[in-house]
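Chains as they are written, first to last, in the numbering used here: chain E, 2 to 240; chain S, 2 to 240.
All clues given are correct.
Identical chains share a label here; the pair holds if one copy fits it or two copies do between them.
Cut-off 30 Å, straight-line C-alpha distance, at most; resulting in silico cross-link-like pairs (DSS-like, lysine-lysine):
hint, residue 1, residue 2
1, Lys-240, Lys-212
2, Lys-221, Lys-101
3, Lys-212, Lys-113
4, Lys-187, Lys-174
5, Lys-221, Lys-174
Just so you know, these hints were derived from the structure itself, not from any lab. Quick caveat, the model's predicted, so the values are computed rather than measured.
2 protein chains.
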Amino acid sequence: MINPNYRLLVISTSTIHGSGYLEYIREEILDFLQTNELLFVPFARPSGITHDEYTQSVKNALNPFGINVTGLHSYENKKEAILNAKAIFIGGGNTFLLLKTLYELGLIDTIKEVVANEIPYMGSSAGSNLTGLTIGTTNDMPIVYPPSFDALQFLPFNLNPHYLDPDPNSTHKGETRETRINEFHKFNTQTVIGLREGSWLRVENSVIELKGNLTARIFKPNQIPVEIVAGILNEEIYK
Amino acid sequence: MINPNYRLLVISTSTIHGSGYLEYIREEILDFLQTNELLFVPFARPSGITHDEYTQSVKNALNPFGINVTGLHSYENKKEAILNAKAIFIGGGNTFLLLKTLYELGLIDTIKEVVANEIPYMGSSAGSNLTGLTIGTTNDMPIVYPPSFDALQFLPFNLNPHYLDPDPNSTHKGETRETRINEFHKFNTQTVIGLREGSWLRVENSVIELKGNLTARIFKPNQIPVEIVAGILNEEIYK
Numbered sequence: 002m003i004n005p006n007y008r009l010l011v012i013s014t015s016t017i018h019g020s021g022y023l024e025y026i027r028e029e030i031l032d033f034l035q036t037n038e039l040l041f042v043p044f045a046r047p048s049g050i051t052h053d054e055y056t057q058s059v060k061n062a063l064n065p066f067g068i069n070v071t072g073l074h075s076y077e078n079k080k081e082a083i084l085n086a087k088a089i090f091i092g093g094g095n096t097f098l099l100l101k102t103l104y105e106l107g108l109i110d111t112i113k114e115v116v117a118n119e120i121p122y123m124g125s126s127a128g129s130n131l132t133g134l135t136i137g138t139t140n141d142m143p144i145v146y147p148p149s150f151d152a153l154q155f156l157p158f159n160l161n162p163h164y165l166d167p168d169p170n171s172t173h174k175g176e177t178r179e180t181r182i183n184e185f186h187k188f189n190t191q192t193v194i195g196l197r198e199g200s201w202l203r204v205e206n207s208v209i210e211l212k213g214n215l216t217a218r219i220f221k222p223n224q225i226p227v228e229i230v231a232g233i234l235n236e237e238i239y240k
Numbered sequence: 002m003i004n005p006n007y008r009l010l011v012i013s014t015s016t017i018h019g020s021g022y023l024e025y026i027r028e029e030i031l032d033f034l035q036t037n038e039l040l041f042v043p044f045a046r047p048s049g050i051t052h053d054e055y056t057q058s059v060k061n062a063l064n065p066f067g068i069n070v071t072g073l074h075s076y077e078n079k080k081e082a083i084l085n086a087k088a089i090f091i092g093g094g095n096t097f098l099l100l101k102t103l104y105e106l107g108l109i110d111t112i113k114e115v116v117a118n119e120i121p122y123m124g125s126s127a128g129s130n131l132t133g134l135t136i137g138t139t140n141d142m143p144i145v146y147p148p149s150f151d152a153l154q155f156l157p158f159n160l161n162p163h164y165l166d167p168d169p170n171s172t173h174k175g176e177t178r179e180t181r182i183n184e185f186h187k188f189n190t191q192t193v194i195g196l197r198e199g200s201w202l203r204v205e206n207s208v209i210e211l212k213g214n215l216t217a218r219i220f221k222p223n224q225i226p227v228e229i230v231a232g233i234l235n236e237e238i239y240k
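Looking at chain E on its own, in the form it has when it is part of the complex (with noise of 0.2 Å):
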């Protein structure tokens, strides 16, 4: 069972086509937090992006919706910093880099504290993969060598954020998404959930609610994938 105290918002993009950044989830969001202060991870560098210049995109966002966002490199004591968050917020970029930087500062085992402790998790992209068991079903190119691919493993699975559908027309011998989780559960026997963009996952009360307007897809070793709709996923989707 999931524990209980864990309170989650698993998106899989921050941005939609057409839409500025988290725009199309910020009711959601704000519904969420349940606080007006928020300790924003940048360690992921969308495009190599500084720390200040994403955490002032974060700030843009919200600010105006009476959110204090504070970017959690612009502590001394990284550590302090997230034991008196009131929320967490880990953006999307590079997952590699992310999960790095965050066992380098040694922050792993202290994040996983306050989210046990009912501090809200909110997480995008390469935010959203380190909420399952391991970074193993990441999109991203590897960068950088982290010590390790388990993630926080919030959650008893794997997640596959900016799920992409096999382009039927193409003409490119690159391998499909659905052939790289194919590959991964040769070796790997975690679900993995694939979270098309504009739809996320909302944990709370030990529950999971898919939400958004799209299906997710749902990929175990030795199964035909299955869509599964909007709404509370039964566990025996997930395990």
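Please arrange chain S on chain E, whose structure you already have, making use of the hints.
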């Protein structure tokens, strides 16, 4: 300078659209090998197929043209098999799995040794990634955790096989290939050569030649990428 003993065929993809396995590049392979004995390394296991299945597909492609193919997995003493090889082909699949397997079997240094002794090395896709400095620019999913991202390092740069141009009509928010390589260059200094499907590098006498009908894309830190046409690569291009 590239070791003058190296003889390398660095292929972006084994298969192009509308053509059989290795078919489009068969003449080049036969010309390159200069032997009829080929040791095939099936460890990258595309789509998770078995070593036997994978080796059979190489036999099917090359036996009719007089090449005897044996799979490295079938030798009890794999180091000895490599030391006795007349030519080596490392096929595509999952780069993480391939590199992890070679490290675990202790074969990295053995392969380096024979290639430094003029044994021809042919790689496609994941097998081509391995000719560069690291696997940090693979497109693959990190389905297993290798003990290092360091590759065979025959070439003083990194490869990105199956290089794919951004789709101007895409509404998907996942990173483009170019964005990913730019992220790589925030943390790594080596040149990255994006090899499109249907392109390959042939390396002999310290000379690198880009072959096939397409241009290749050259990425360096803090520089606008450039396209190079087929032909001999000036050292300035990849240094």
